[in-house]
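Residue numbers (our numbering), protein chains in the order written: chain U, 1 to 323; chain F, 1001 to 1323; chain V, 2001 to 2323; chain E, 3001 to 3323; chain Y, 4001 to 4323.
Simulated from the structure, these hints should not be mistaken for lab results.
The beta-carbon is built from N, C-alpha and C at its ideal position, and this holds for glycine as well.
One thing to keep in mind: the hints can contain errors.
Stated by the list, open to error - Heads up, incomplete: computed chain F residues facing chain E, CB under 8 Å, no partners named:
| id | residue |
| --- | --- |
| 1 | Lys1071 |
| 2 | Tyr1184 |
| 3 | Asn1251 |
| 4 | Ile1266 |
| 5 | Pro1276 |
| 6 | Gly1284 |
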Amino acid sequence: MIVDCAIYEDGRRRDGHVDLAHAYDERHESGKFVWIGLYQPTEEEFDSLRREFKLHPLAVEDAIHAHQRPKLEVYEGMLFIVLKTARYVDPTEVIELGELLVFLGDDFVITVRHGEASSLAPVREDLERDPKHLRRGPGAVLHAILDRVVDDYQPAIEGLETDIDEVEEELFSDARTNPVERIYRLQREVLGFRKATAPLVEPVARLAEGKYGHIHPEIHDYFRDVNDHLIRARDQLDAMRDLLAGSLQANLAQVGVRQNEDMRRISAWVAIIAVPTAIAGIYGMNFKHMPELKWGIGYPGALMLMLVICTILYYRFKRAGWL
Amino acid sequence: MIVDCAIYEDGRRRDGHVDLAHAYDERHESGKFVWIGLYQPTEEEFDSLRREFKLHPLAVEDAIHAHQRPKLEVYEGMLFIVLKTARYVDPTEVIELGELLVFLGDDFVITVRHGEASSLAPVREDLERDPKHLRRGPGAVLHAILDRVVDDYQPAIEGLETDIDEVEEELFSDARTNPVERIYRLQREVLGFRKATAPLVEPVARLAEGKYGHIHPEIHDYFRDVNDHLIRARDQLDAMRDLLAGSLQANLAQVGVRQNEDMRRISAWVAIIAVPTAIAGIYGMNFKHMPELKWGIGYPGALMLMLVICTILYYRFKRAGWL
Amino acid sequence: MIVDCAIYEDGRRRDGHVDLAHAYDERHESGKFVWIGLYQPTEEEFDSLRREFKLHPLAVEDAIHAHQRPKLEVYEGMLFIVLKTARYVDPTEVIELGELLVFLGDDFVITVRHGEASSLAPVREDLERDPKHLRRGPGAVLHAILDRVVDDYQPAIEGLETDIDEVEEELFSDARTNPVERIYRLQREVLGFRKATAPLVEPVARLAEGKYGHIHPEIHDYFRDVNDHLIRARDQLDAMRDLLAGSLQANLAQVGVRQNEDMRRISAWVAIIAVPTAIAGIYGMNFKHMPELKWGIGYPGALMLMLVICTILYYRFKRAGWL
Amino acid sequence: MIVDCAIYEDGRRRDGHVDLAHAYDERHESGKFVWIGLYQPTEEEFDSLRREFKLHPLAVEDAIHAHQRPKLEVYEGMLFIVLKTARYVDPTEVIELGELLVFLGDDFVITVRHGEASSLAPVREDLERDPKHLRRGPGAVLHAILDRVVDDYQPAIEGLETDIDEVEEELFSDARTNPVERIYRLQREVLGFRKATAPLVEPVARLAEGKYGHIHPEIHDYFRDVNDHLIRARDQLDAMRDLLAGSLQANLAQVGVRQNEDMRRISAWVAIIAVPTAIAGIYGMNFKHMPELKWGIGYPGALMLMLVICTILYYRFKRAGWL
Amino acid sequence: MIVDCAIYEDGRRRDGHVDLAHAYDERHESGKFVWIGLYQPTEEEFDSLRREFKLHPLAVEDAIHAHQRPKLEVYEGMLFIVLKTARYVDPTEVIELGELLVFLGDDFVITVRHGEASSLAPVREDLERDPKHLRRGPGAVLHAILDRVVDDYQPAIEGLETDIDEVEEELFSDARTNPVERIYRLQREVLGFRKATAPLVEPVARLAEGKYGHIHPEIHDYFRDVNDHLIRARDQLDAMRDLLAGSLQANLAQVGVRQNEDMRRISAWVAIIAVPTAIAGIYGMNFKHMPELKWGIGYPGALMLMLVICTILYYRFKRAGWL
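So that you can see chain U by itself, here it is in the shape it has in the complex (with noise of 0.2 Å):
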């Protein structure tokens, strides 16, 4: 589906609806650029694109069939940028990855989303309001794009990072929950996350030092500004990795901790209450000559005995902690 197609002359989105053929006629005028967004195309709707553009069928077979990993591929005469937007699904825990795939070349973009990847439509409104930007060309578009996905990889990360302060919380709590299997699918989810990351630190390093075509010089250092967003996104997923490795061996501890903890009440309690059982199995024993039995305070005495250990095993159990 085409979602939007437009020409950029001089840093301004020409007026009025553009259709393709349009937009194939005037890219070659000087200064001119086109930019058309699609939404899971099928082979069909990208037959005439692949043919106006000269775009290389492997790429055209993973801009329709997506799932790959990220990457950036030098083609003749254009850049094809693969990349994972990520968003923070709160109920589940989960990190839902969308794929977004860029043809550049000296006076198109293609963009092209799958799955969850959201809207490009609020960073083409904030490019068309910076002309001076936007006059830059393709690589302006491109930077836009980048910009917008990798800031969004933060509030999915902070999502995580509640998730984790939450397991910190719950895992060193009295509550005695077990949030293994919480602790196992951050784990999952902060890998995945990473997986559809870090492989794009360096096909972005090697855009800010400009080692590519097709993008205006002034922008290289803009690709640094994202190029250091994203390795601080990958920097906080390898922490949180590690904490959360750290958090499964502490779980160990504290299960161990409260094994024991349980036993020692557990103990205790049966200590108390195999007091008064022997001591009412001495009395219950049959001798003759047993001169306790035929006292009148014989039984309230064995009785009040038998509360005096409790009481005295209880005080003592709860000294040491055991209670």
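Mind docking chains F, V, E and Y on chain U? Use the hints.
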């Protein structure tokens, strides 16, 4: 065993049966190349090939005895590539690895299959239906084989992923089964699979960069595509390895938690049975003056007391989550 | 907020108050440079500086909003350095990180502090007492700041080391406390601290090699000294991370060992109480012909028997280390 | 001890016994080289060689005292190579390492064996049967030795693999043995073996690339083959290390699971025995009015009740998998 | 404190006492160099040296305050090397580290010892007995010192290895001691020792490659020998670190296994004592019609029954390995 032997001219297969001697003669003619396919050849079967194509004795030894690591070697006048094929066998949850060895010169391709490596017949058929690609010479054959082998890694990886999903579900279910052996065996498969794929990344990257001769320049981008899939496979295997290591850790915690739950449940029942035993012991004492013993409601009262205490304990333990 | 603004000429500070406009004029004169210090400036406060020194908008954004990774960036005509300052807060055992950003040109230094970063006034005073160093220009200022910041890492590291020593002592003491939460929190601090220091090693090494302009050649060796301390700090943090990981493991073993000790102690007491109960049970049987029951010493004998067996058990358990 | 000393001319061994002085004279003649083999030589035995071949004193020290890491060093006019040989000793499951040191010049090879390193006599015999290879000079001898040493790693690795398979079987069997010591000792062997082989990969790779003199160019491919086997050995050892680490983890879970199983079985029996004790306690109470006590079927009924409850409990525990 | 000051000429020490001023004068003469040895010098003691040899203030600061990482730094006209010496202290199982700092110019060596670093007097004596080596100038002194320091690592490493062997034996013995603290402390020593040696590998490798001036070319091979020993020490420490990590893991399993053994032994005794208690309970019931109670052999029969059942249980538990 020679499986197939064919001469290709301008991207088309010469009709009719072709014997080796015939193939040796014609391959030198411009625009032609031969593709000879073998299955577990003996030294004798391989001898004529060895002499005709001046194959290096070390490469020949590898081709006959197999059990090599994946690798790409440059010999004078040819490339020698060793690949591992993978097939997931469901009932046993095992990755069956086969071996595929390719000799590649300017006018010949020799493919040798060992073990479970699947037949190359479909690859050949697909290629023969694409004369444009085939016209690029032996490099196109190598690409087609690599593409197929690496694509076939994906179902094997998905088989493992399904197993891991099952293990996860088992791990956090209430089933109280012990998935540790399954996790261990999966780790073993993942390690073995990774060892069969990862060493290939570097040589395929060099193929994509056009570092080797014998390969038509138009095919370089295709090798980059193969390498992309290869890196994706390797990354997936790495992620699985991390997940399995995490699940082994999580399992430890689960075992500890279950031990704790069982101990608490058992202890609760011990407490419930200990109380009537203690009361019975008390009324089994032989004191002369135990007024309750003479009461008419003494006995039913004692039973009632036992019942009441047991019931109270039962509900308290229930509420505390011990039962 | 502008904290201080001074003109330095031949290593000496110009007397009297200097306003910004004044500083802008004079800095171009040979042998002079300005050092402007700010604390959490607003965009408005920073505007005049941005225009005068032609600061890059991205660096300005970083300087105003902070929360950057440590880094060194080269812009046209200047260097931009981001540092993390660290302070150990004892009662909470936390490392408080501040941020310090430095713009460095041939004739100016702009320093921006954020958060807990300690005041640079003492650095300035020390420098002003060393005109020989100061005469080397803005690079000397950068060195003095880096030197101070990195030296201040040491007390923070020592604070953590003291905590780790305490944790170790706790771990192997008989106190039976559970240091797992403390270990985990220390790991978290160490990870965070390392993230704030390690990325600085590489750019400071490049400063020491004289890879960047704007810095007097005589200062290069000084940066090597700073880097030495930085690497030492990083190595110490790495060693702490390894030690904490080891102590988490050791703690697991300690928990297991204590569980075992408790179980044995409890079991010993259960055994000691079970024996009199069993003996009492035997003499509570109602057989007609039980000669002991009629003996005069039957009852005291039975009690004595209980006592003797319990005492024997007690000493045997004692000797076996169970009690 | 000098084990063998021979002159080779055009790939053939000169007949008859050759003494050292003789060998020293003839080696300078074109197409000839000498191969002197020693076993744990003393300083005195080595002295004549040291002077004749101008061996570097540090290399001589290494050759006499052994206990070196595997390495390849270039001295003026010669290469010096240290190898570790490996032999698997079954009953103790230990890898016995020997040491082999080779001096290699344009017209001489000196081999020194230490400890368990197996005799080089078979290598010499095989080589003497292959004059074509031998004609390539001392490099061919080095290749033949390396080839044999590295090939001999394989049975040692297979011995360890068999042990690991046994450990795995033991681990997941019902035998309830504790393989932890065996796993630990295997880890130790694998670590030691790896340390003896891995450092060799890099110098052999450089031999294969023809980076060193003294070696006939036709042999380079042969060293690549040796390196292939060496890398395979290293990868196998790495995989074993990972598997053993995994099996240690799996063992922990197994220990926990068995602890749980035992605790449940024990608890089930405790429950079964506690019920008759409680019932007996009830009918042992001394209440005046306990009608059951006077019933004729009171006693057999009580026994029956105990039996029925125990039987029910037994089957319920059986069904729940506790017994 | 100045420990020794000597002038060497053509590999021989000038007789008689030499004071600093004297040494300063003569060192410039061809073929001579001075070696000044200090122990924990004060700033004042060092001042004359600093001025005479134009030592860099940063290096001087390091030399006086010590506590540096091992390193090699190039200053104008000299090298500055920091070494850590190691000594194993048996009763406490601790590695005592000292520090040794060397300034090396074309005609001087200054050595500064700190803390536990052992005296260099024996190194000096050995060197003075080898004029051939000493004639090579200050580089020979550096080599002799490095050689001694690195050789002295070996007994320290062996001390740790003995400890590790003891820990292993303890771990798998039946002694049931808890070696976890010892393992942890050994880990700590190994980590600290490694940190004191590993950073030296790279600079010594560069010394061996002759990357620095001031050193006679004939000594390069000698530094390669030192580096070999250094790498061996580092590899041994790495192996120890891995072994200790493994033994911590193995210990966890041992703790679990012993917990299980104890629990089974305890449970067996509980079962053995529970049976007579239950039987006694049954014959303690007050039913009117319990024929056994009137039998003459009732009581001895009951006791016999208890004994028989306990004996059977005892042997069954024995056979099952629970007792």
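Of the hints stated earlier, which fail here? none
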